[in-house]
Every structure is written in C-alpha cells, then in structure tokens.
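Q: Residues per chain are reported as follows:
Protein chains: 2
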Amino acid sequence: MSLRYALLALLTAEPLTGYDAAKRFGASVGHVWHAPDSQIYPELRRMEREGLIAGEQVRWGPNSTKTRYSITDEGVRAFRDWMATPLDYAPVRDAAHMRAAYFEWTDPDRARECLQRHIEHYTEQIARWRATREAILDLTNDTIATRMRKFPVEDHERIIAFKAFAYDGLIGRGEAEIAWARQGLELLDKLAPAEE
Amino acid sequence: MSLRYALLALLTAEPLTGYDAAKRFGASVGHVWHAPDSQIYPELRRMEREGLIAGEQVRWGPNSTKTRYSITDEGVRAFRDWMATPLDYAPVRDAAHMRAAYFEWTDPDRARECLQRHIEHYTEQIARWRATREAILDLTNDTIATRMRKFPVEDHERIIAFKAFAYDGLIGRGEAEIAWARQGLELLDKLAPAEE
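From first to last, the protein sequence lines are chains W and C. Note that the numbering used here numbers the first sequence so that position 145 is 145, with each residue one more than the last. All you need for the numbering used here is the position in the second sequence, starting with 1, plus 1000.
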C-alpha cells in the first residue's frame, strides 16, 4: 500500500506521464520505497480509477498521445491522511544478520567474504544516497527543482531540509551496517586468526 | 525462501515438533527473520516433502501423536550451501524515512509524534534484542542451551559469539534509528519552534 503514497508524494511536485513517473521515481522517492516499473504502471491506473490522480491525454510525437497524471484534491487529502496516520513497523527480515548468527556453519573465509560484501553493498548505497542528497541541496535533482518552482519560497527551506534529513537516516543506517561488519571481521580474526 | 534456512538453522540445534519450532523460532532466529506461525507450519511440511527434514511420529498426551522434525544430511547440506552463497540485498522499502522526506505535508506536531514513535519503537526493539543477547551469553535461552549440549565444547565460544554479534548489529542499527529521529526533532524545533 505504501507504493501509492510514494507515487502521490512524487506527483505533488508536478503532473507526470507513467513513463516519466517511473523515471523520476527511481531518482527520488524510490530510494526510500523501491518499486519496479512493473508495479508502478498498474498502480497508477488503479489510483486513476479511484480518483486519487486524474489522467489527461497529451501529445507524444507526431501521431500519438500519452496519459499524463495529476494529483487530484482527493489524492492530496489521501496523502495528508496517510502522513497523519501512525505507521506500522514491519518486523525484521534480514538475511545478512541471520547468516552472521550462524557463521560457525561456514568456513571463516566465506564469513569474511560475506562481511566484506556487506561493507561494499553499504558503501555503494551510501555513495548513491550522498549523491542524491547533494543533488537535493543544490537543486540539481529534477524532482526537487520542479517542486521548488511549484511551492512558495518561504517553504523551500523545510522542503529541502526534510528530504536531506530522510537521506541522512539512510546514510546513518548504512554507516551502522558498515561498523557492524567491521566488528565482525575483527571477531573472525580473534576466533580464527588468518593463516600466514 | 529465507524462511526455510531460518528453520534449518533452528533445527540444527535439535529436533522439534511444529509447535515447538514455532515457539522457539520467535525467541531466536525469528528476531532476524520474522515469520508468523501460519507460514512456519506449511513450510515445515514442504521441507519434509523435499527431504530437508524428516518427520517422525512422537507420543503427545495419552491418545495422540505429533510430528517431530529432524534436519537430514540433505538439509544440513542445503543450509551450508546457502551459508556459502552470496546474498542478494533487498532494496530499501522504508515507510518511516519516506514519510520524513515529506514532513512539509503534515503539521509539525504530527511530525514530532511520528519521530517520537520511531524512538519508542526502536527503544522497545533494542530492549528485546539486548535481553535475547544476554540470554544467549548466559545460556538461559532454550535454543542456545540445547545447541551447547549438542556441539563440542571447543565450538561453544564461536557459536555464542556469532549469535551475540548478530544481535549487536540489530542493536547498532536501532541506535542509529534513534539518533536519526532525535536529529529530526531538533530539525523540527529549528524550522518551527514549539509554541509557548
């Protein structure tokens, strides 16, 4: 269900065709709520049927049209309602931590590889989150640039600050994951020193 | 698919009936890979059909029997194979961070409530993780106590150390979430000071 609120969030910045919505999604709200294109298109159609967004045919090339979706007043209301509703927290399902709990079932080199991969994964993710955070702060991210044009200047500071804050959270969590994996590498060295 | 490896992990400690497996699951590996009982029972039956575990009828009360499941050699092999296979990382789907990115769509008091709830959620989770970690270290956790009886003394240190390490990771991540939410409360105060 969160996908529709992620799409509503995106469409508060500007009307978008399905194609552009999918593209923009991946470079903005998709960082916190991932969804493949194959979920985005049908969800947009469902949201249109339910009146949360309105589709309008726009020209696309010389002989064709595309549907461009705008958020409706009902969509804005639904988004604000979701924003004000307490969240349910999903229970933990974390294969990396599960595996670490049973490292005695693999050899220490495999365990080390697993932790090194964990570090690499979060290092890459943090680089992406930092780049997006920078693009938000300097307004080179397309979605934030459009959003700035739509909302009054006095709102800009907080609009930007909240988005940067969300990325700060992802970055902080990623750093905690890396610190944990490093602790694990030290533990492996302590339990089974690497052979000379 | 990870559920079956979580169940195999659990059954490496001892054979269990479905009922006991579900109970033990919640107090051990279920902290890192949550699953409701309604998923555990059918998965055990599938695993039995596939030869990863073997069911044996055991007496249960005066007139009844229950199936007790033991991990088979094939199950141990499947578990070791999984332990040695690089993990795929699930993409981020995080409603709390998504919501924080759009706090301008709710009033500051609702945003504060959201962050306070985030702090409460992770404070509770950390307390549970710490308690389980302690119960592993002092061998009062049922699953670890049984596991210690099954494996040779020279393995005990690392069996315990890896499990404590997994919980360290959850705790560290929880602490990062709390630090982030506190940063958000400060941000809200800065952007919209609480009224006198």
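Please note that the accuracy of each hint is not assured.
With a straight-line Cα cutoff of 27 Å, these simulated BS3-like cross-link-like pairs (lysine-lysine) come out [unchecked claim]:
#	chain 1	residue 1	chain 2	residue 2
1	C	Lys1190	W	Lys150
2	W	Lys66	W	Lys190
3	C	Lys1150	C	Lys1023
4	W	Lys190	C	Lys1150
So these bits of chain W aren't anywhere near chain C, every CB distance computed over 10 Å [said to hold, decoys possible]:
#	residue
5	Tyr19
6	Arg49
7	Ser70
8	Ile119
9	Ile126
10	Ala127
11	Leu139
12	Asp142
13	Met148
14	Asp189
No wet-lab data here; the hints were simulated from the structure. Keep in mind that this is a model prediction, so the values were computed, not measured. Don't be surprised by glycine CBs; every beta carbon is placed ideally from N, CA and C.
Q: If a hint holds in the structure, say so; if it does not, say that too.
A: Going through the hints against the structure:
Pair hint Lys1190 of chain C plus Lys150 of chain W holds up; C-alpha atoms about 24 Å apart against a cutoff of 27 Å. The suggested pairing of Lys66 of chain W with Lys190 of chain W is violated, with an alpha-carbon distance near 61 Å, which exceeds 27 Å. The suggested pairing of Lys1150 of chain C with Lys1023 of chain C holds, with an alpha-carbon distance near 20 Å, which does not exceed 27 Å. Between Lys190 of chain W and Lys1150 of chain C the CA atoms are separated by roughly 24 Å; this keeps the pair inside 27 Å, and the hint holds.
The beta carbon of Tyr19 of chain W sits about 20 Å from the closest Cβ of chain C, which is more than 10 Å, so the claim that it is off the interface holds. Listed as a non-interface residue, Arg49 of chain W keeps its Cβ farther than 10 Å from every Cβ of chain C; the least gap is roughly 23 Å. Distance to chain C confirms Ser70 of chain W as a non-interface residue, since its nearest Cβ pair spans about 17 Å, more than 10 Å. Distance to chain C confirms Ile119 of chain W as a non-interface residue, since its nearest Cβ pair spans about 12 Å, more than 10 Å.
Every CB of chain C lies more than 10 Å from the CB of Ile126 of chain W, the least distance being 12 Å, so the non-interface label holds. For Ala127 of chain W, the condition that its CB be more than 10 Å from all CB atoms of chain C holds, with the nearest at approximately 14 Å. Residue-level check passed: Leu139 of chain W sits 16 Å from the nearest beta carbon of chain C, beyond 10 Å. For Asp142 of chain W, the non-interface assignment is confirmed: its Cβ lies about 16 Å from the closest Cβ of chain C, beyond the 10 Å cut-off.
Residue placement check: Met148 of chain W keeps its beta carbon more than 10 Å from all beta carbons of chain C (closest about 12 Å). Interface exclusion of Asp189 of chain W from chain C stands, the closest Cβ pair being 12 Å apart, more than 10 Å.
In this structure, only the earlier hint numbered 2 is contradicted, and the remaining ones agree with it.
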